Amino acid sequence: MKKNILFCAGLCAVLAFSSCKSSESAYKKAYEKAKAQEQAQNNSSYNNDTPVVTPVVDQPATQTTVVENNDNVPVRTERVTVVNGAGLKSFSVVVGSFSLKANAEGLLSRLRSSGYDAQLGFNQDRNMYRVISSTFDNKADAVRSRDQFRATYPDAWLLFKQ
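To convert, note that position 157 of the sequence shown is 207 in the numbering used here; the numbers rise steadily by one, no gaps.
Derived from the structure by calculation, the hints contain no laboratory data. Values in this document were obtained by computation on a predicted structure and should not be read as measured data. Fair warning: there could be bad hints in the mix.
[As the list claims (entries may be wrong)] Below are the EDC-like pairs computed for lysine to aspartate or glutamate, each with C-alpha atoms no more than 16 Å apart in a straight line: (1) Lys-139 to Asp-167; (2) Lys-139 to Glu-128; (3) Lys-211 to Asp-187; (4) Lys-211 to Glu-155; (5) Lys-211 to Glu-128; (6) Lys-139 to Asp-187; (7) Lys-139 to Asp-191.
[Said to hold, decoys possible] Restraint ranges, calculated between C-beta atoms of paired labels, are given here: (8) Val-103 to Tyr-77: 15 to 23 Å; (9) Phe-57 to Asn-92: 52 to 60 Å; (10) Gln-87 to Lys-52: 52 to 60 Å; (11) Phe-57 to Lys-79: 33 to 41 Å; (12) Val-106 to Lys-79: 57 to 65 Å; (13) Gln-89 to Asp-205: 30 to 38 Å; (14) Val-125 to Gln-87: 51 to 59 Å; (15) Thr-202 to Ala-152: 19 to 27 Å; (16) Lys-189 to Ser-149: 26 to 34 Å; (17) Asp-175 to Glu-155: 46 to 54 Å; (18) Val-123 to Glu-88: 49 to 57 Å; (19) Val-106 to Val-133: 16 to 24 Å; (20) Lys-189 to Asn-92: 55 to 63 Å; (21) Glu-88 to Leu-56: 47 to 55 Å.
For each residue, glycine too, the CB sits at the ideal point set by N, CA and C.
Full structure from sequences and hints, please.
So this is what it looks like as structure tokens:
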């Protein structure tokens with residue numbers, strides 16, 4: 051019985067070692083194929099059939115034209131009631147939005163002490179207090195004012211009163 055087990059183990063070992071071929075030749079074939087493709091690609095890049103591309107040359111601007119087109123400036127439309135202030139016109143610049151009235155009143159008092167005619171509005175749909183720094187009849191003036199306020203308040207945005 052031991053002889054049979056020993057014989058089977060030896061036979062398995064011989065089969066295992068004889069079935070393992072060196073795959074070195076497969077790696078060599080793959081390497082040669084990659085080299086041939088690379089060489090063919092290099093040869094084709096030197097071919098005269100490739101188009102010549104002219105480089106882009108930057109020229110300095112001699113004249114600058116600024117077109118003020120305020121049609122693409124985003125505006126939010128909300129139903130806002132004035133809590134503290136004289137009243138809102140069509141377009142307003144909002145510099146702060148708060149869920150707590152005390153926080154909104156703090157920013158409102160800071161703006162008023164800086165000389166702005168700031169107002170406080172309340173959006174009942176969103177339950178948010180809007181601190182409005184200025185209000186205008188037309189969009190162009192509101193955009194200019196918003197751009198000035200963005201130096202201090204980077205999140206300033208335009209509100210269109212419903």
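Structure-based check of all given hints:
1. The hinted pair formed by Lys-139 and Asp-167 meets the criterion: a straight-line CA distance of about 13 Å does not exceed 16 Å.
2. Pair hint Lys-139 plus Glu-128 holds up; C-alpha atoms about 13 Å apart against a cutoff of 16 Å.
3. Straight-line distance between C-alpha atoms of Lys-211 and Asp-187 comes to about 11 Å, which keeps the hinted pair within the 16 Å bound.
4. The hinted pair formed by Lys-211 and Glu-155 fails the criterion: a straight-line CA distance of about 20 Å is larger than 16 Å.
5. Annotation: proposed proximity of Lys-211 to Glu-128 holds, straight-line Cα distance about 6 Å (limit 16 Å).
6. For the hint linking Lys-139 to Asp-187, the alpha-carbon distance of about 6 Å falls within 16 Å, and the restraint holds.
7. Among the hinted pairs, Lys-139 with Asp-191 is consistent with the structure: their alpha-carbon atoms are about 12 Å apart, no more than 16 Å.
8. In this structure, Val-103 and Tyr-77 break the distance hint of 15 to 23 Å, their C-beta atoms being roughly 39 Å apart.
9. About 59 Å separates the C-beta atoms of Phe-57 and Asn-92, a value consistent with the hinted range of 52 to 60 Å.
10. For the pair Gln-87 and Lys-52, the supplied restraint of 52 to 60 Å holds, since their beta-carbon distance comes to about 57 Å.
11. Under the hint 33 to 41 Å, the C-beta atoms of Phe-57 and Lys-79, about 39 Å apart, fit the expected range.
12. Restraint check, Val-106 to Lys-79: a C-beta distance of roughly 44 Å breaks the suggested window 57 to 65 Å.
13. Roughly 59 Å separates the CB atoms of Gln-89 and Asp-205, a value that falls outside the hinted 30 to 38 Å.
14. Checked against the hint of 51 to 59 Å, the pair Val-125 and Gln-87 passes, with Cβ atoms roughly 58 Å apart.
15. One distance hint, 19 to 27 Å for the beta-carbon pair Thr-202 and Ala-152, holds here, with the actual separation near 21 Å.
16. Our hint of 26 to 34 Å for Lys-189 and Ser-149 holds, since their Cβ atoms are close to 28 Å apart.
17. Separation of Asp-175 from Glu-155 is about 21 Å and departs from the stated range, judged on CB atoms against 46 to 54 Å.
18. Under the hint 49 to 57 Å, the C-beta atoms of Val-123 and Glu-88, about 54 Å apart, fit the expected range.
19. For Val-106 and Val-133, the hinted distance range of 16 to 24 Å is not satisfied, since their beta carbons lie about 56 Å from each other.
20. In this structure the hint that Lys-189 and Asn-92 lie 55 to 63 Å apart at CB holds, the actual value being about 60 Å.
21. For the hinted restraint 47 to 55 Å between Glu-88 and Leu-56, the CB-CB distance of approximately 53 Å keeps it satisfied.
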